[in-house]
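> Below are the chains, spelled out letter by letter.
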Amino acid sequence: MIWRGRIEVTFRRIIVCLALATDSLLGAGDEWAFAPVGNPSLPPVDDSEWAREELDRFILAGIEKRDYLPTKAAEKRTLVRRAYLDLHGLPPTIEQIEHFLGDEREDAWGKLIDELLESPRYGERWGRHWLDVARYADTNGMDEDIAHPTAWRYRDYVIKSFNEDKPFDQFIIEQLAGDLLPATDLAQKRMQTTGLGFLSVGPKMLACDDPDKMRRDIVDEQMDTMGRAFLGMTIGCARCHDHKIDPISIEDYYGLAGIFMSTKTLTKYSVVAEFHEHDLTEESHQERWRKVRDLEARQKKKETPKEEMDRLGAEIADLKKGLPAPFKVMGVTEYPTGNVRVHLRGDYLTLGEEVPRGVPSAWTQGKEVVMPEKQSGRLELARWIASAGNPLTSRVIVNRLWRWHFGRGIVPTPDNFGGLGERPSHPKLLDHLAQKFVESGWSVKAMHRLMMNSATYRQSAQADLALLEYDPENKLFARWQRCRIEAEVIRDSILLKSGRLDLKMGGSMLVVQPSKYVDRGRLKEHSLVPRRTVYLPVYRSSGYDGQKAFDAADPAVPDGNRRTSTVAGQALYLMNSKLMHESSKVLADLAVSSAADNRPAWLIEHILGRGATKDERLKGESFVKNYGDEKDALAAFSRVLLSSNEFLYVE
Amino acid sequence: MSLCGHRAGIPLSRREMLQRSGTGFGALALQAMLAREAAGKTKAPPLPGKAKRVIFLFMHGGPSTVDLFDPKPLLKRDNGKPFPLKAPRITSHKSKNLLLKSPWSCQQHGQSGAQVSELLPSIASIADDLCFVKSMHCSNSRHGGALLELHTGSDTFTRPSMGSWINYGLGSENENLPGFITINPSGSHGGAGAWSSAFLPAKYSGTRIGGKNGEMKVPFIDNPLQDRGKQRKELDLLASFNQEHLALRGADSELESRIASYELAFKMQMEVPGVQDVSSEPDHIKKLYGADVDPTKSFGEQCLMARRFSEAGVRFVQATHRYWDSHGNLRKEHEKLSAEMDKPVAGLILDLKQRGLLDETLVLWGGEFGRTPTAQGSDGRDHNPHGFTMFMAGGGIKAGTVYGSTDDYGYYAKDKPVHFNDLHATILHLMGIDHEQFTYRYAGRDFRLTDVEGKVVRGILS
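Residue numbers (the working numbering), protein chains in the order written: chain A, 1 to 651; chain B, 652 to 1113.
Any given hint might turn out to be false.
What the hints assert, rightly or not - List of simulated lysine to aspartate or glutamate pairs, EDC-like, C-alpha gap at most 16 Å:
id, chain 1, residue 1, chain 2, residue 2
1, A, Lys268, A, Asp347
2, A, Lys189, A, Glu95
3, A, Lys76, A, Asp47
4, B, Lys918, B, Asp887
5, A, Lys213, A, Asp347
6, B, Lys884, A, Asp632
7, B, Lys918, B, Glu826
8, A, Lys65, A, Glu53
9, A, Lys328, A, Glu287
10, A, Lys367, A, Glu380
11, B, Lys745, A, Asp209
12, B, Lys745, A, Glu54
13, B, Lys884, A, Glu630
14, B, Lys884, A, Glu621
15, A, Lys524, A, Asp545
16, B, Lys1106, B, Glu1087
17, B, Lys737, B, Asp1059
18, A, Lys631, A, Glu621
19, A, Lys614, B, Asp1058
20, A, Lys428, A, Glu95
21, B, Lys881, A, Glu95
22, A, Lys578, A, Glu525
23, B, Lys868, A, Glu53
24, B, Lys863, B, Asp779
25, B, Lys983, B, Asp1030
26, A, Lys72, A, Glu95
27, A, Lys619, B, Glu991
28, B, Lys884, A, Asp629
29, B, Lys938, B, Glu1011
30, B, Lys881, A, Asp632
31, B, Lys1049, B, Glu1011
32, A, Lys578, B, Asp873
33, A, Lys65, A, Asp615
34, A, Lys264, A, Asp347
35, A, Lys619, B, Asp887
36, A, Lys436, A, Glu53
37, B, Lys727, B, Asp1058
38, B, Lys881, A, Glu307
39, B, Lys1049, B, Asp779
Hint data in this document are derived by calculation from the structure and do not stem from the laboratory.
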């Protein structure tokens, strides 16, 4: 809750706050998510043939219980497109489609999934999912939109972690306490430390005249993000009062806050504040950089004579020769360790009892997480979150993966497993998956294989009408849910199909100095760079019109459940944007230079990945004839295909 | 219907959908989409609202309302002396807290006797159409925090803008136009946060029309081909492909909505530029706003554009005038800014009145905070979130009123203080929405524009 120091209203705040919350308390109260993960036995089913994976039994039992049937499997052509868009965020080429259709081996589908998981395109797609949860941005946003010049390293780290199938428990620990882990060499140190971007890249009010409030607000944001991302818990309410719905009291909050108050995020809390960065430049290079900076300082002095200037310039150039850029990365570090006193009604000007740092005992089932004397306790907290015995963490992440594959979570509120979130539709399935996940060594790729190999995943979207009517939201998962491709996928797919997508990975496009304001004027420039959208800098105070129109995640808050809207602004983008018009021109050129006798038909094959029907050929021909210039017509025809529902939806 | 993730609006029933897709396309699909739009309406029982639309004239930077509307004899008398009351615990700049008398004089105007500075003769001349709230206050002494609090109700978290809330609550009056337009907003101090829909569905987000006068555009509204006929052919072909695609799949309200969205976009493309074009206005109207000559031309055109959008049914239009942040150079800057702003604002209110639109349009004028009665340097004032003036006119507002007051020096809101949360509660009330019942469920909690605060300011209602 908000923490403002307006004491006179905080009582009322608590009461209204609860009213806003308890309105939705139907059925809540038991803390199902805190119960140990069970090992549920497979339910009996009538149809013993359907299931391909154990998880299918849980789904099928639910469907049969309501006297429905699962939907037939989708055709291979549909499945291959689904798999590419799901795992890579890019549609397959016609060759890739044909290749899969021609593969008649028993395990062709499994082989395809393996192949897709090996490609670096996979990490770009699924790393982006995680970046939604990490509310990733290259700028601060809020009041002062200052650059995060090294945040991109965190983004690249996330992509790499997914590509390498880093065990998720390790991924969690690095993001919360990577600086406190032992490292055998500099490369490992850098990698682990980079994970800390998770805590640092959040939005902050950097021009707050009250440094104490600023620090506490930052800690609050970090705790809330951590809670939602890993535990599906909202922690923020307990800043002002005992949480009446979830098991966290005001003492618990300040116990946790002690850990984060013993952690340094900024180096300066006065206006305008500055972020802490770890300098992990190699030692010998650090030395050279120090010299460069000394010389540069001398260069800047007015009284330096010209000859010396030249000499200095030469010396600097010499020092810089072959000198790699300094390795700096945004991330938190340790502060002197201390406990925090309870802030009565959330107000730090009225302090209560001191609370020892720690993890809420209601969460740990009474098993105390021992806090070190001389360290913040972040590492201990991280290890507790990432422990196999933690019932929340594994459930939350497998549910996220399920949500991103199927469009709907087993718990439909992936960021909230608390009393105010929705209950799981298949609680035993959730436990089954959580169990498998931990058994696999927290392997995300193992989960992809499991989920995608299932009969549940392979169902067609062409469902029985009675089923559609009974279960419009697909709570039973008795069919595939047709689904619009996301903002990034739209842009990347258009670039890909027009042959313009630059697959260069990593690095930063930002042109900024640390702690300096970003230049929003550059957004347009960025958006024209034909690289995958995940690499475009994310400006929290602005954003790309095209991306926003298609519901790209707002980096203000963790979002594991993007919405999908349909609005006229999206149509305007597809009708009129530069991206669309430039791409369609290139496509027209490609069509003309192809050897195809029917160019519109070639475009259908190229863009939609299937042969044109006779009717479409005719329509295409007549469209081109009636439009005017042939190239213009083919460009227009390309736009039609790129805007079509067939292109924009995953079947 | 087909839920991919969670989706805005309440879907039609399956049966309704099937019936519709059985009977044809185009208009029906469009209707379906509009029904979906309408479905996002307020949960609260709508009260009889007086205002249908809002025009917010935002004075970015914090105008010195102690100079413009709130003259204090003691400030004049004690010029140069220390501020005798307790200074705020938190201030934006360190200060010796010495009082600085106003370089200008104010006079009483109209029946209400409202005080208005000599810098604002046009606004002074319509004092009886206005309601001055002289006891405004907010919680943050920095531009970003205060600006976001004014626009969203929160200076701590990212929340939907009031324009988004109002559109979410009342829906659109004109489907061919965006419901929330912000003209020339500031990219700094929160940027898009000030017009973002945050957790409300994206369609309630403000549409920014930025850039220089004459070049401001709704994003992607221009067809690069400049050929409506050709684009029509494209859209017809697209519709025919999409219909075949749909026919193979049976009913799907989302696919239908998308088909309809192109028709909507096409209409929007035809309508927006015309509505936006102020050049078509007759000369006497341009004169009224000062849109014909400098220094009023730029903001005059924006106010005129705001009226045109509002008249065409845009629920919430904002125009921003900047930059009132006179830490130094107060005299020169405030004289220049006042000269740019005075006539356009008065012109807008007069124009709305003569068109009979003022009764149903709420006009709001103000900055993210005011400025201190104490000096910064010899010719400047610091931010003052503790007491400042805003004024309103039109839809449901008691005209010719002066409400609340500050202390004897104009530093703190004293009599009948009005916080931004109270302002929001009042705006919603004027539009027929009970701010305590008006909620949106997000991440398991019901959120309000006024969070857990806000009281309707009854004393300014007509």
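> Please verify whether B:Lys1106 and B:Glu1087 have alpha carbons no more than 16 Å apart.
Satisfied, since the Cα-Cα distance of roughly 9 Å is no more than 16 Å.
> Holds or violated: A:Lys213 and A:Asp347, Cα atoms, limit 16 Å.
With a Cα-Cα distance of about 9 Å, the restraint between A:Lys213 and A:Asp347 holds, given a limit of 16 Å.
> With the threshold set at 16 Å, check whether the alpha-carbon distance from B:Lys1049 to B:Asp779 stays at or below it.
holds, 10 Å
> When you check the alpha-carbon spacing of A:Lys328 and A:Glu287, does it fall within 16 Å?
Distance ~15 Å between A:Lys328 and A:Glu287 Cα, so the pair holds.
> Given the hinted pair B:Lys737 and B:Asp1059, is their Cα-Cα distance within 16 Å?
Holds, because 13 Å separates the two Cα atoms, which is no more than 16 Å.
> Is it true that the CA of A:Lys72 sits at most 16 Å from the CA of A:Glu95?
Status violated; Cα separation ~26 Å.
> Can you confirm whether the C-alpha distance between B:Lys863 and B:Asp779 stays at or below 16 Å?
Violated, because 34 Å separates the two Cα atoms, which is more than 16 Å.
> Taken at face value, is the distance from the CA of B:Asp1058 to the CA of B:Lys727 at most 16 Å?
Between B:Lys727 and B:Asp1058 the Cα gap is close to 14 Å, so the pair holds against 16 Å.
> Run the distance test for B:Lys881 versus A:Glu307: straight-line Cα separation, threshold 16 Å.
It is violated: about 66 Å lies between the C-alpha atoms, which goes past 16 Å.
> If you draw a straight line from the CA of A:Lys614 to the CA of B:Asp1058, is it 16 Å or shorter?
The given pair, whose Cα atoms are some 82 Å apart, is violated under the 16 Å limit.
> Would you mind confirming whether the straight-line C-alpha gap from A:Lys65 to A:Glu53 stays at or under 16 Å?
Given pair A:Lys65, A:Glu53 is violated - Cα atoms ~19 Å apart, limit 16 Å.
> Does A:Glu621 sit within 16 Å of A:Lys631, going by the straight-line distance between their CA atoms?
This hinted pair holds, its Cα atoms lying about 13 Å apart.
The structure is inconsistent with the numbered hints 1, 2, 3, 8, 12, 19, 20, 21, 23, 24, 26, 27, 29, 33, 34, 38, although it conforms to all the rest.
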